[in-house]
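Participant: Residue numbers (the working numbering), protein chains in the order written: chain A, 330 to 954; chain B, 431 to 928; chain C, 8 to 108.
Be a bit skeptical, because a hint or two may be false.
As the list claims (entries may be wrong) - Pairwise CB distance ranges (calculated):
1) Val524/A - Tyr915/B: 17 to 27 Å
2) Val910/B - Glu385/A: 27 to 37 Å
3) Val910/B - Lys486/A: 23 to 33 Å
Calculated directly from the structure, the hints in this document are not laboratory data. Where is the CB? At the ideal position from N, CA and C, for every residue including glycine.
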Amino acid sequence: MNAAFLYQLLFLLPLLTAAVIACFLRTKHNLAANFSVLSGLIFSAIALFLIYVRPEGDWSVTWLTLGGSFELKFGVLFNDLSALMLLVLIIVGFLVQVFSLGYMKDDLGKARFFAGLSIFMFAMLGIVLADNLVMIFIFWELVGFSSYVLINHYFDKPSAVSASKKAFIVNRIGDFGFLLGILFVYWQFGTFDLVELEERARLSPGYLSTGMALLLFCGVIGKSAQMPLHVWLPDAMEGPTPISALIHAATMVAAGIYFSARVYFLMLPGMEVIMWVGTITAVFAAVVAFGQNDIKKILAFSTLSQLGYMVAALGLGAASSLQRHGEHAVISTGAAVAMYHLTTHAFFKALLFLGSGSVIHACHHEQDIYKMGGLYGEMKITSITFGIGVLAIGGFPFLAGFFSKDSILHLAHESDFNLVSYLLFGTTALTGLYMGRLFVVTFFGKPRSAHAERAKENGPAIVLPLVILGILSVIGGYEWFFGHTFEAVIGAIPNAEGPFKMLMIITGLLFSVGGLIVGWLVWNPSKDSDTLENVAPGLFKALVAKLYFDSIYDWYVKKVQDRGALILGFLDQLFITGLMVRGTAEIIGLMGIVSRSLHGGNIGGYVYWFAIGVVVLGAIAFGVL
Amino acid sequence: MNYPQLFLTTLPELIVVLGMFVALGFDYTKYKELDPQTRSNKVAALSTIALMLGLAGVVWQFLQVTDGSKTFSNSFNGQVVLTPLTLWFKGLIFVLALFVVQFAKTDVPNKHVSEYFGLILLSTLGMGFLITAQNLIMLFVSIELISLSLYGLTAFQTDKKFSVEAGIKYFTIGGVSSAFLLFGLSYLFGATNELSFEGITAAITSGAAPQNYVLIASAFLVVGLGFKIAAAPFHLWAPDTYQCGPVPVAAWVASGSKIASFFLLVQLFGPVLETSEQKETLIAGIVLVSVLSMVLGNIGALRQSCVKRLLAYSSIAHAGYILIGLVAANEDGSISVLFYAVIYSLATLGAFATIGIIDSRLGREAQIDDFNGTWKQNPGLSILFMIFILSLAGIPPLSGFFGKFYLFMAAIGSQPEIASWSEGFYWLVAVALLMSAVSLFYYVKVLKAFLVSADTPKLPSIQITKAEGAGLLLLAVLVVYLGIYPTGLVEFIAASLG
Amino acid sequence: MTIGLNEFLVVSGLLFTIGFVGLLIRRNTLVLFMCLEIMLNGVNVALVAFSQFNGTMDGNLLVFFIITVAAAEVAVGLAILVALFRKRQTVYVQELNALKN
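Using the sequences and the hints, build the whole thing.
Facilitator: The following block contains the structure:
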């Protein structure tokens, strides 16, 4: 079969689904949901065929020509890297759709939700397959927008609306740098096309610069929620839980990592900064996670922390260790490792989020872990799969998370940055601990609220995806799982050998199981309140406030930006009605042209503005300025 | 003079003039006793018919010109030149006027209905002539025709306290700017001894014209036209006019008059900027105006709570973005300016029209808070408004994004050999992008208001008329379509300019 | 001395400037309109001078249009002014500051 046709089908399917739902099925909620899942099934089947069979053929059409001097293509660049990302997208995407059938069963906006989901799949597909930077940017914005819409799902809640606004604006701040970076790339290399870019970057590396890399990285900071633009992700948990699993854990937030891997050759000069940003985010988020009581917020911070690991891995993979695949370097070591962790993380984090969704659904939308407790008895499957997720993220040996984390730490260990190595290593311990706290407090002890007492295990639509993701979280890290399909990526991952490997196994065991045990001891599930809160209330308060980042931004917007606008307005007024008129009048009075009591009104003031403009332009015209 | 030729050249305008007189006479017929709303519907229908016939005339001319069977090139003694490009833009003006008439008819500002629509038609004529003008005399007369009708329209809402005040401000500042424009034109004439654009361009590009005269002329022209496009620091009339005049008029000022002015700007400055010896100086001046507009417009919009005023500031900022294309001083620059002017006008017309509908149902000026919960009451209207606002904010794949993207590409592409940050226009693009990030704060503020549910929604469920609904829908479709497939328009402009 | 083009241009520039300064400092709207007229007349002087010294009639042609349009402009302006006076009982610009930013 011709690949071009399949690509077209792949792009059209989710778009058509959304259109059909929007036009015909707005009020027929169940039909819309089933239709959407069916379309998701076909979508996944086509994608699987593309990934594993790799039919011959490209697809690229000229989308626009602007003024004859440059043209934009809408095309597909399919290689092992995009195949891997596509695999993650369809697995998590499809499972989340199935899960949503159960989770959103009684939701009034079900049709809207599934339409949004389809739009998201379309946009994400665009990022995965795009063959040029502008197309990536467009779909980049489109995922941002669909995320905005989906966070907004419960728009009756003012907090959800605020969260979506925040996510949108913060992302756009990152995108400001991103677009600037893309234009910079075009300016230097004269093309947007990824293949051509790689060629030209290889031929004339002199055009690469740290500035370019960091501008592009701005987009990654925004989308993958790195410090200091991480503030939107915890708030984005206001959206429905399946959305958190798909968009804000597994795929969209990972798009930044994927993008960096895709254009790793442009990012090379900025690697050190990238590494530090990732490391700091990883540590910061892990610490703040201790101060959260909302089950989804804890997972959000854990996502931040893991994304930090991926970004750090990107930075750690130095240019010298480029793996050669045939003629061209397909991907750098760091990018390969980051993608590896992205994949396993997608499995276990989606599992954890969907597990939390199962819990939240059972507890009638209660999200505070101190209002849960004792759920193990009633919700065995959810508990066990959640436990697997906890162990996987903690790095329990031979689960998915172990292998990928292992390779990141290996990379850090091999590098010259000891501090980074220690920090990342230490954060693994923190990860085990906060996940232990979450697991213990949520599932054990006695129920701490009426909702938790009445909680029952959910139906198959919710449980089945959990089981599948649980299995993937176990097997998703082995090389045989990936086979040779993603050779260019998986083959580039360095394997730890000998004593370091042993060290990893021992510490993995120690941190994951130890985290659970210490978690049990410290946050005794029979207690009703947080131990840390009782022992160190000051610290806990700071953690609850997420170390005051949001407050700083709020302060900035309120006190600096708004006040700046206010001052500007005030100056405007002052200028028009006061100083300007008076001042000029006096000068004129001094010159004896007119008497002293001259006032202008508003019109006069406006004309003054005019006059200033004229003077300045005149000055420019005559070469004074 | 070849009268049949002249007749055919001005056929669309003649039809509209005829329609205008019929509309003007309407209040003096037996229908004068009817209530204003009924009369308004009838006069609007008359105007619509006139505009449609006029549009048909334009389309006919366009077809004649494009297949080459007839040229109108030397008609009217070279005052008016009909090319595919000018005809296309004239057609666009007529189409936009059609929209404006539909939006205007539901809420007439006072009982003099005939004059209201008559003035709208007159300003449409002026814009059409300005686009086809190829001579300073025609240019001057059509600019004045636009301005005088718009002054009148702004002051039309006599029952509102501030409408007349806004009118007199618009008039005074507009008068000053016209004087500046004329002063510039007089020096342009003095320098080149020509009144036709062609002759002027030739004289300047060949270097025959005295440079100091050209410089004075350009500086004054920038001032005069800066007013027309509401660029800072000549922008202060815009917020008052947009806020206090009738909303359809504000929409018309922000869309039609902008397109016409930018078209003129490109025609006058395009060739001069590309070749003149004074290129550097002129560009420096325009860069200054552009940066000032972006900064003052965007920051000014942040603190507005009245949506119309907010849009007014945003339009100042957009004038700043568009000037970036002019700064590029190459063919791409000119194309991108025209392209952006078109899509900006479509989106802003839609946004103003939506606000106009809401204002008229609310019976007062809409503040941002008034929109709370509109999504629940009026989902269709909200989605359309969202499309317009997001396009203005430049979110892909809506047309606003491509417009901006193209402007920026043109500016960067104009000096590819420059390798440092401070030279070239990369920094200007950076400022523009930064400012468009700032702009998101207020655009999203408006969107948020639409979504937030109020305990008691201030807006009732809104019934929009069929004409309004169709107009808004069409505008939204155009905004989306030009975002997904801008090539057609861009290539057409490129081919016609080249 | 012979009066050349530059002398005319100086007069024209002076007229224009006087008009503009008048706009800046006078507060009666009627007077502002007069100032606008003075500015336009400055332009007219320049055009006629250019026309004379360049040896074509084109500039004079434009002057006629300017005079005509200026009359129309004043008519519109006065109409708005009358409406304003009915509404606000004032023609002084400093009292027209109801529109705040």
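Participant: Give a verdict on every hint.
Facilitator: Results of checking the hints against the structure:
1. Val524/A - Tyr915/B: 17 to 27 Å: 25 Å, holds
2. Val910/B - Glu385/A: 27 to 37 Å: Because 35 Å falls inside the window, the suggested range holds.
3. Val910/B - Lys486/A: 23 to 33 Å: 29 Å, holds
In summary, the structure agrees with every hint in the numbered list given earlier.
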